[in-house]
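J.: Using numbering that gives the first Met the number 0, read the sequence shown as starting at 0 and increasing by one per residue.
In short, the hints are calculated from the structure, not lab data.
Think of the CB as a built atom: it goes at the ideal place given N, C-alpha and C, for glycine as much as any other residue.
Hints may contain errors.
What the hints assert, rightly or not - Simulated pairs of lysine-lysine, DSS-like, Cα-Cα distance not exceeding 25 Å: (1) K323 to K295; (2) K295 to K309; (3) K323 to K225; (4) K309 to K225; (5) K309 to K323; (6) K295 to K225.
What the hints assert, rightly or not - Here are the simulated distance ranges between beta carbons: (7) S141 to A212: 37 to 47 Å; (8) D37 to A220: 19 to 29 Å; (9) Q129 to S292: 34 to 44 Å; (10) C260 to A220: 19 to 29 Å; (11) S292 to S205: 32 to 42 Å; (12) A199 to E258: 26 to 36 Å; (13) G355 to G315: 23 to 33 Å; (14) A55 to A212: 32 to 42 Å.
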Amino acid sequence: MRLADLTTIGVGGEPELIVDAYTREQLVSALNDAWDGDWFVLGGGSNLLASDEPFAGTVIRILTSGFARIDGAPEGFQRVSIEAGQNWDEFVAWTVAQGLQGVEAMSGIPGTAGAAPIQNVGAYGQEIVQTLVSVDLIDEGSSEIVTVPASELGLGPRTSELKRHYGEEPARVAVIAGITLDLRVVGTDPAPVADERIRAALSLASDDAVTLAQIRERVLAIRASKGMVLDPTDADTRSAGSFFNNPIIAEADARLLPESCPRWPVEEVAETVQVFDLATWDGQVPRVEAPASRVKVSAAWLIENSGLPKGFSLPGSRAALSTKHTLAITNRGGASSDEIAELARYVRMRVSGEYGITLNPEPVFVGVEL
Numbered sequence: 000m001r002l003a004d005l006t007t008i009g010v011g012g013e014p015e016l017i018v019d020a021y022t023r024e025q026l027v028s029a030l031n032d033a034w035d036g037d038w039f040v041l042g043g044g045s046n047l048l049a050s051d052e053p054f055a056g057t058v059i060r061i062l063t064s065g066f067a068r069i070d071g072a073p074e075g076f077q078r079v080s081i082e083a084g085q086n087w088d089e090f091v092a093w094t095v096a097q098g099l100q101g102v103e104a105m106s107g108i109p110g111t112a113g114a115a116p117i118q119n120v121g122a123y124g125q126e127i128v129q130t131l132v133s134v135d136l137i138d139e140g141s142s143e144i145v146t147v148p149a150s151e152l153g154l155g156p157r158t159s160e161l162k163r164h165y166g167e168e169p170a171r172v173a174v175i176a177g178i179t180l181d182l183r184v185v186g187t188d189p190a191p192v193a194d195e196r197i198r199a200a201l202s203l204a205s206d207d208a209v210t211l212a213q214i215r216e217r218v219l220a221i222r223a224s225k226g227m228v229l230d231p232t233d234a235d236t237r238s239a240g241s242f243f244n245n246p247i248i249a250e251a252d253a254r255l256l257p258e259s260c261p262r263w264p265v266e267e268v269a270e271t272v273q274v275f276d277l278a279t280w281d282g283q284v285p286r287v288e289a290p291a292s293r294v295k296v297s298a299a300w301l302i303e304n305s306g307l308p309k310g311f312s313l314p315g316s317r318a319a320l321s322t323k324h325t326l327a328i329t330n331r332g333g334a335s336s337d338e339i340a341e342l343a344r345y346v347r348m349r350v351s352g353e354y355g356i357t358l359n360p361e362p363v364f365v366g367v368e369l
């Protein structure tokens, strides 16, 4: 079986060996057999770009599934453990039906629960870091599953210590066997939405009362309008999701961009506290330089305003930007991994030439270079 048949973008060659792991025990066994060679694990295949050349190694498909309520959550919350191979959106649908708040704005995200912490997935104001308690990890070379608190994973904007960024190795090479979340118990009745970012994304007033189900419905509709809900009849969904991360740059650099470029603050500058020994203080207060603020800017805006419209493709190529938004590179039918990579390189070149910003790809690459 080719990776093209197992990934949402529909490209990739045939691995030397594919192992299906339906239990944690099977996952540990498969990893122990693979540690000494080339290997990678595959969940939903929605964030992977693999070469069409054969992969001389082992691909382990994590097909574990299921989730359960467990004890240990603070008052007003429900703790839930989820197997790594569990379909993410099926889990989100269950939380909404149960009146558990915390992941409803992440409805429609393809892939598996185990992939969520790796790049701290998020949408419309919610990120997995807000609800993640811990992950169950298998470190490379180990046969033991260890539980690691979320605070030790280096979770940040679309990143963690477990993520393999383009051109870099992860800080911690490990495989997630399961995750644990704490979700707020709010019930299924309408209520105002406290998070301003979700209200803004869904065009809600501060006093609008909606149910979790209504939030899910609106999010799914928005994602579908952008081709971000898998649909075999829609070529715009034949992608690896958002191909480029929204770049995070210094606020001073962001001010050089046109005002129409969307931007969002990513950190707050904390007030600096200075302590002086009154016995020796000379009355002078030294100036303290505040750390430079950073902002996240819209990669989609940068792409489109570099002269690359929705649906853009290179001459003769079967790869194209989505016709619904410029952040996805899509397989219009029979595209090769080389064609996908060629378009990605061209997009990066145009944005860099126009704005001096290098876009970093979001998917995991196997045998592909930009």
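J.: Check each numbered hint from earlier against the structure, then list the numbers of those it violates in ascending order.
T.: 8, 9, 11, 12, 14
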